[in-house]
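Just need the whole structure built from these sequences, with the hints factored in.
Just so you know, the protein sequences line up as chains A, B, C and D, in that order.
Residue 0 is where the first sequence starts when you use numbering that gives the first Met the number 0, and the numbers rise one by one after that.
Residue 0 is where the second sequence starts when you use numbering that gives the first Met the number 0, and the numbers rise one by one after that.
Residue 0 is where the third sequence starts when you use numbering that gives the first Met the number 0, and the numbers rise one by one after that.
Residue 0 is where the fourth sequence starts when you use numbering that gives the first Met the number 0, and the numbers rise one by one after that.
Warning: the hint list may mix true and false statements.
Chain copies aren't distinguished; within one or between two, either way the pair holds.
To be verified - Mimicking DSS-like on lysine-lysine, the simulated pairs with C-alpha atoms at most 25 Å apart in a straight line are:
#1 Lys197 x Lys222
#2 Lys109 x Lys90
#3 Lys196 x Lys321
#4 Lys109 x Lys162
#5 Lys250 x Lys90
#6 Lys197 x Lys162
#7 Lys162 x Lys250
#8 Lys90 x Lys39
#9 Lys39 x Lys222
#10 Lys321 x Lys76
#11 Lys196 x Lys109
#12 Lys162 x Lys90
#13 Lys196 x Lys250
Simulated from the structure, these hints should not be mistaken for lab results.
Protein chains: 4
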Amino acid sequence: MKCCSPRYPFALVVLAAAAAFVLHSSAQEKSKAPEIRGWKQGTGWGWIWGQEDQLGALNSMTPETIAAALRLAEEGKTYDLGVRYSRNSYKWPGHSPAEVMTFRSPEGVKRQADNAFTAPEVNSSGQAWHSCALFINDNVGTQIDGLGHVTAGDDNHWYNGYKEADWGGDFGIRRCDAAGIPPIIARGVLLDIAGLKKVDALPAHYSITPADVDAALAAQRLKLQPGDVVLFRTGAMRYWGEDGADQELLKEHDSAGITLETARYLVEEFGSMLVGSDTSGLEVSPAPEGSDTFIPAHKYLIVEQGVHIGEFHYLEDLARDKVYEFCYMATTNKIAGTTAGFALRPVGVK
Amino acid sequence: MKCCSPRYPFALVVLAAAAAFVLHSSAQEKSKAPEIRGWKQGTGWGWIWGQEDQLGALNSMTPETIAAALRLAEEGKTYDLGVRYSRNSYKWPGHSPAEVMTFRSPEGVKRQADNAFTAPEVNSSGQAWHSCALFINDNVGTQIDGLGHVTAGDDNHWYNGYKEADWGGDFGIRRCDAAGIPPIIARGVLLDIAGLKKVDALPAHYSITPADVDAALAAQRLKLQPGDVVLFRTGAMRYWGEDGADQELLKEHDSAGITLETARYLVEEFGSMLVGSDTSGLEVSPAPEGSDTFIPAHKYLIVEQGVHIGEFHYLEDLARDKVYEFCYMATTNKIAGTTAGFALRPVGVK
Amino acid sequence: MKCCSPRYPFALVVLAAAAAFVLHSSAQEKSKAPEIRGWKQGTGWGWIWGQEDQLGALNSMTPETIAAALRLAEEGKTYDLGVRYSRNSYKWPGHSPAEVMTFRSPEGVKRQADNAFTAPEVNSSGQAWHSCALFINDNVGTQIDGLGHVTAGDDNHWYNGYKEADWGGDFGIRRCDAAGIPPIIARGVLLDIAGLKKVDALPAHYSITPADVDAALAAQRLKLQPGDVVLFRTGAMRYWGEDGADQELLKEHDSAGITLETARYLVEEFGSMLVGSDTSGLEVSPAPEGSDTFIPAHKYLIVEQGVHIGEFHYLEDLARDKVYEFCYMATTNKIAGTTAGFALRPVGVK
Amino acid sequence: MKCCSPRYPFALVVLAAAAAFVLHSSAQEKSKAPEIRGWKQGTGWGWIWGQEDQLGALNSMTPETIAAALRLAEEGKTYDLGVRYSRNSYKWPGHSPAEVMTFRSPEGVKRQADNAFTAPEVNSSGQAWHSCALFINDNVGTQIDGLGHVTAGDDNHWYNGYKEADWGGDFGIRRCDAAGIPPIIARGVLLDIAGLKKVDALPAHYSITPADVDAALAAQRLKLQPGDVVLFRTGAMRYWGEDGADQELLKEHDSAGITLETARYLVEEFGSMLVGSDTSGLEVSPAPEGSDTFIPAHKYLIVEQGVHIGEFHYLEDLARDKVYEFCYMATTNKIAGTTAGFALRPVGVK
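This is the structure we're talking about:
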């Protein structure tokens, strides 16, 4: 399959509107933005990085882009963009549940006495330890979807044409796993759609459109740049609380999100390198009637464009402080085979 | 128990030697190093942050210290300090094993047809997905030990006096879990002891002494500063390869590490905020004859001083490039109850 | 704590009623019932088997009792008393969830090629295999609660005085685990309370009383004998279906069950060796106002009397065929540390 | 694929020898053995039970055969044929490891206080409970391999032609899972090959041949009957001890077992319904040079003949007491999707 064919008609009128913006200059804009390699206006990224590539649009990061992003962080003020995940936390029901289990405990270590080095005669200080065993899914909590997470076609291929028959396996995926995702350090932009609409959180099933993108950029007096990490705030995470246990409330608001058109707008017109939000799936659900899939924005971004997706990012503090531009930093666990970074703690630094 | 009592005699001669260093000035030294709160030369950190504190020495991070650390990263060159973890990877045998299991696969999703939205009539593009279920321990791969990981005494207390009878539980620890560890952004210093000794990797059971610290600092023309993340290179990680499957070789070299005296030296004389290495346990093993525990440096650093420990950090690339001073950034997963950050990907940025 | 003290006043009037029964003789009654060791009318079983005992009332099984039970099975007609357990199945919410995950699959084995012996040149028949990894709780599906499952007192002791401080541990319990439960082969008796009441299933919170026991025995023309496995039918399992996925319906009917008095009646007057039902917890819930625990029948049966409890037994077919007396056979998995036999398949044979 | 074609030349001389036996009559032989349906001398069982069948040779069990088997148990003496399984136990390295983890503990329940019904004011007796969470493989400990465990061919089919493309899935197999295996009650026959050879345990890689079968039958003065469960004793389980922790010793002896010819001999000449042993894989390993698979007896028995395989059966006590004929009873867990009964406790009753 060839990706990125011009299947989706694009609203030229939207582009015209975008071009008409008059925006204040941000900190980064003051300095010359670094060159972004790979991206082409009008078509986006795509499968352009070679047959062996597993990174997609993240290939556009260079020391120059990273250094530029870090310069946005001169105040050293950090925002923790992760949500606390526990056995009680809201998740998409199709994923496996979680348990964090006390595996070794000081009392257990001493009662079982299964290690000679804890015997009182050689351990007079009564030292012991805690450790936990975890059963957990790799698509829960604050996430970055890897490029092998979703597949398309009868051949079940993912980004760059990797096919299940070749690269599937019993221990996770064997191409594009999350262990291979490099540290992501880039300019982060918050698009506060809930703030724009003056609501606590967008209502269920709200579709964030290209016009909403334009309006938020105008309201926030900001321009997007190629290579940005763009994060949409629906407001859903204001209901996460301690550990996301209010299933009903979270489920309701979790269904607001971007449309396929908005995904295209970001990638093809603005060169966004990673697109995310504060919901479990970024895109509006259910998909519009007539879609060729239940998650058209996932297919477009991940499979066709090689753009990673950020999910369940906690954006409340950024919004409260009106921090719309910042240095975004995220690292995924290096666990072989995983399909996403999960239960993450991305950071926004101003 | 009162921590930080002057139980351990301290080698004054070593201090004198340290004071005699004449060092070249580093990038950070050129600018005024920010004030570090909480630390006192001669005693270190300790339980000084209030009865409810769960962060220990990490409390010394401020926007100023973070901004200063970020200024070390002006080139934007990143070093991935994590090692890839899989079912085959070396770990301490007392921890639970790992499996990353393909939980949903495109073929499985289609064969089971257990979700209406994947039916061909509403999913003409044949969309499906991969996800994994993980069974994993929270003390494996590249780690940051949390302040509740190890305990001491008949009351099994950990940092700040949290006792098992009060704060233990079935779902991990209820104080000082790794979900509460803030993003760590600080000046990182590599002490390349293997390089100093001109060996590929330190031999089994090698004890890294305060004198080794001094010699490495001198050879690397560097000074330590309060608030540093100090990482010792034994060279063991050069044998990690793809995923740490060479159990015998790794086990052998994994036993080199620092002594209790070295831990004290770093904390009490230099104000190190986090101390780590490229082995599973930082400290030399077995503990010296006559120790009151099998892991005296863990007890001192974590329980008594509130200093987090870094483990299995991959330092080979930093050493190769002679990058001894850098911006260290690490974030742990936000999983409630966990005792450590595991399978991490800390980053060094120059 | 001393068990079995006469704390609970006992309804003598009930006994008198019981003594007045005139019952038809069953198959086993025709032959002389074997001597049952250990049991004493009026007090039951209790901690009488020695300080090291872990089996409780099951000690009363002998080759003679087993042979007598097997003689009830002369037709060779089997009834499967287990229910099918899956990730969707109803369970008490305090237990951990279940996943059965395809661990190795023929396609995965061939794609990964991680075993030399599956290479085509030495495996021309294309042989491969399936196996599953399970994450599961030991208190789900059709169960037999072990004698260490529940505890009482500030010392958290279980049957026979085993205390948590001595016999607890990180890998399950270290006394009375389900791996030590011998094969159970005994006379089984069905008490069809739903049938007696002429309802599909007992209503929520229905309390099965000693009078119900008497009435069912009279209606079924049956006598209890010491050493019996007594199974109460509430009818709840008629709603289990394929795998117990109708959570709401099952939860509703799951709350019917026996009272503490009924448990005492069975053990002290009739010498029941194991008491079970077709619900998750045998006893009525919630416990009567003023109880000293939320599960008084569990405390009495398991902790004080050493009587195992059977749960989620599928009794619909036995009831349909009016098979009220049969040979009951059950074996638990031999998994060290487990607190119960789970997802079992006990058998009734007529 | 058509199974059971006469691909394997059969040693007529062996048959002739078998016919020449003069054997003492056993308990069961005294009474007329029940008719066994389905089996044909010379060809065995095979795919004869209809397109929807999932049980294979177990279909031959009827109330009559079960009643006959139970008549072998008139003494009521039981032999526990299961081995205790723990995290330390020997298993085939290709399976996932096991952990039995204390999930809820009395102390944890009380410290966390996450259930209102354990509050002291409503729980004056201090009631609490233990439960365990298990991570375990379905091919460990004492096992009965289901008919979907192994597959053959490019289409990865198993017994009765079920193909992976149709009946595979993410949650285990969707045809022939172990949840569907009926209670197995049949005449059990021990063939004590280690006893015959007068060794503690057969040496590594020993091939048990049809001649060994004949010699054991002669020595034990026994005849096989259609419908038997035949168990071969290599003696390996004498090294299991508490929980099979002596990996080296067990691994060595685990490689003795039957040949493909022996499997054929049992099924085609004697009508064995289930064939098992005291090793992890029943058959000799490695497979003879030139085999078309690494497990030819598995392919023959499970895929082609629909005969379940028993593994890791503890036969030491039966051998010690020279109990060669008994009632074999085994029930597998009712866990949807599982490929085998695992950590079982089959019983031999005399």
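Which constraints among the numbered hints does this structure fail? Numbers only, ascending. 6, 7, 8, 11, 12
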